[in-house]
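Novice: One-letter residues, chain by chain:
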Amino acid sequence: MASNQDLPIQLDTITDGVVMRPSGDIDLSKAPSFRTQIAEVFQEKHARVIIDLSEVPYMDSSGVATLVEGMQIASRSGSKFILSGLQERVRSIFEIARLDTVFTITRDLDSAERA
Amino acid sequence: MASNQDLPIQLDTITDGVVMRPSGDIDLSKAPSFRTQIAEVFQEKHARVIIDLSEVPYMDSSGVATLVEGMQIASRSGSKFILSGLQERVRSIFEIARLDTVFTITRDLDSAERA
Amino acid sequence: MTPSPDIQMRLKSQPKLLSSVRSMLVSLAERIGFGEIESGHVALAVDEALANIIRHGYDQREDESIELSAWVITEPSPGIRIMIEDEAPQVDPEVFKGRDLDDVQPGGLGVHIIREVMDTCHFERRESKGMRVIMEKMLQTSTSNDESTPNGHSIP
Amino acid sequence: MTPSPDIQMRLKSQPKLLSSVRSMLVSLAERIGFGEIESGHVALAVDEALANIIRHGYDQREDESIELSAWVITEPSPGIRIMIEDEAPQVDPEVFKGRDLDDVQPGGLGVHIIREVMDTCHFERRESKGMRVIMEKMLQTSTSNDESTPNGHSIP
Ligand SMILES: Nc1ncnc2c1ncn2[C@@H]1O[C@H](COP(=O)(O)OP(=O)(O)O)[C@@H](O)[C@H]1O
Ligand SMILES: Nc1ncnc2c1ncn2[C@@H]1O[C@H](COP(=O)(O)OP(=O)(O)O)[C@@H](O)[C@H]1O
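Residue numbers (the numbering used here), protein chains in the order written: chain S, 1 to 115; chain A, 1 to 115; chain D, 1 to 156; chain U, 1 to 156.
One thing to keep in mind: the hints can contain errors.
Covered stretches of chain D, as calculated for chain U (at least 3 residues, CB under 8 Å) [said to hold, decoys possible]: (1) 19-29; (2) 89-99.
Here are a few chain S residues that sit away from chain U, every Cβ distance over 10 Å (derived from the structure) [said to hold, decoys possible]: (3) Ser54; (4) Gln72; (5) Arg98; (6) Asp110.
Note that these hints are calculated values from the structure, not bench results.
For every residue, glycine included, the Cβ atom is placed at its ideal position computed from N, Cα and C.
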């Protein structure tokens, strides 16, 4: 079951950066893999990193913490870090953590590429 | 939780009978309610009773047993008894029980009304 | 020696709890790598075993206890082992043979279903009181179990 | 005297088992009558508590044991009570206060989330060893818990 600790993430290149599209629940078992893959993406210096969460039905605080870290790396490296496509249940945890106004969150990918 | 033992079933009248459309899993907790409601429908003497299972994602042998009883009541009273709209997982249990050829099973409601 | 189970569940003998056990098992089986249909089959087998204990073993009494243990198997190949134990009066394990399906009847399907969807399945008396069933299903094997179950039906 | 739990689960301290526990709880909560979002919140609270035990209590060791007990509450109104017990070193229950959220940081969210989504939540030392958390959520009450939690945050 070792390979099941990997979070599958699809990577797409856009004009000024990259879109990461993880799929599946992001909990304590997947957050480490999520963190590693975000760090890898930031080694490439993108002007814009979009995390498309439309395929993530569930996230707990370990996933949220990973995204806060991503946001902090982005602000240090001067990149835009944008979350998009949050399902209602996932949006709810950002609200509970009062992070819904701290992150740039867009409804869909289109808006994320223009934000 | 008493009311949660009731299986919600929508009833629709058709030319020569009735369509029963239960929704939700049918297991040991819901089979008694399913049996009662099938028996009630048969008290009305319909030429055709269609069980539309399109809203049933799961059924175990207690649900299957209830349908076998329904088929037996139907054959005694000279009614047609037709299952329709089985989801793949539900169809699979009929195959395991080797009842997929014993019941009249149609793909959708349209075919069930003509079967 | 058997290692301790990865997940153990003790539940009251209430039909309304069956859906929670199924959900747990579907999720566990998917996590092990079983596909959607096969994960559903694992849950189905357990549901049938629990329903039989509630109906036959405990005569529908809802305040009795059932214990389920699940092991995630990794060697020699991935799979799941499930043990279910009750405290009901002991019966001859021969009753779990399953009946001839050619005779269409409302009942008598549960044991057949368990044997069909799992690779192996073994009913026995527990040491003190109650019955025990142990079932296994391995990844990447066929669901047909003609030879591997002690009293296996031959499914065409 | 507390009646015996309707469902009890004992699991190894493995992150990969969390999804099975969540599935079980979503199903149980829905069965009790909670809506989709609220059932998800019950599972989220438990997930956070288990993740904290694995990370802080057991320091990520995967061979330790965690016990979860769930009661279906019917009187005076429907709801769910969940108790989670570990065998980790005991800590001052004050650490479960949760931090000030105005300071944006990657960590420190779990306890806050539990207190926010459940009606009540109480951390304590167990009699012999380990910690215990007991949480409750009732149907048809708001998820805001300004007054009902011992160390409750005031959520605007
Ligand atoms: N847990 C059990 N305890 C005692 N007897 C059982 C148990 N499970 C099954 N049986 C016996 O085995 C028979 C076959 O069971 P099954 O195939 O599930 O069909 P059904 O339950 O519909 O009769 C039952 O009729 C019952 O006599
Ligand atoms: N089960 C536990 N055992 C011991 N300490 C804990 C436990 N859960 C939480 N804590 C302590 O409470 C603090 C706050 O927990 P939490 O809000 O979940 O944030 P985080 O886990 O991200 O630090 C933790 O940093 C830890 O010191």
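Novice: State for each hint whether it applies.
Specialist: Hint-by-hint comparison with the structure:
no., hint, in the structure
1, 19-29, "holds (count 10)"
2, 89-99, "violated (count 0)"
3, Ser54, "17 Å, holds"
4, Gln72, "7 Å, violated"
5, Arg98, "5 Å, violated"
6, Asp110, "27 Å, holds"
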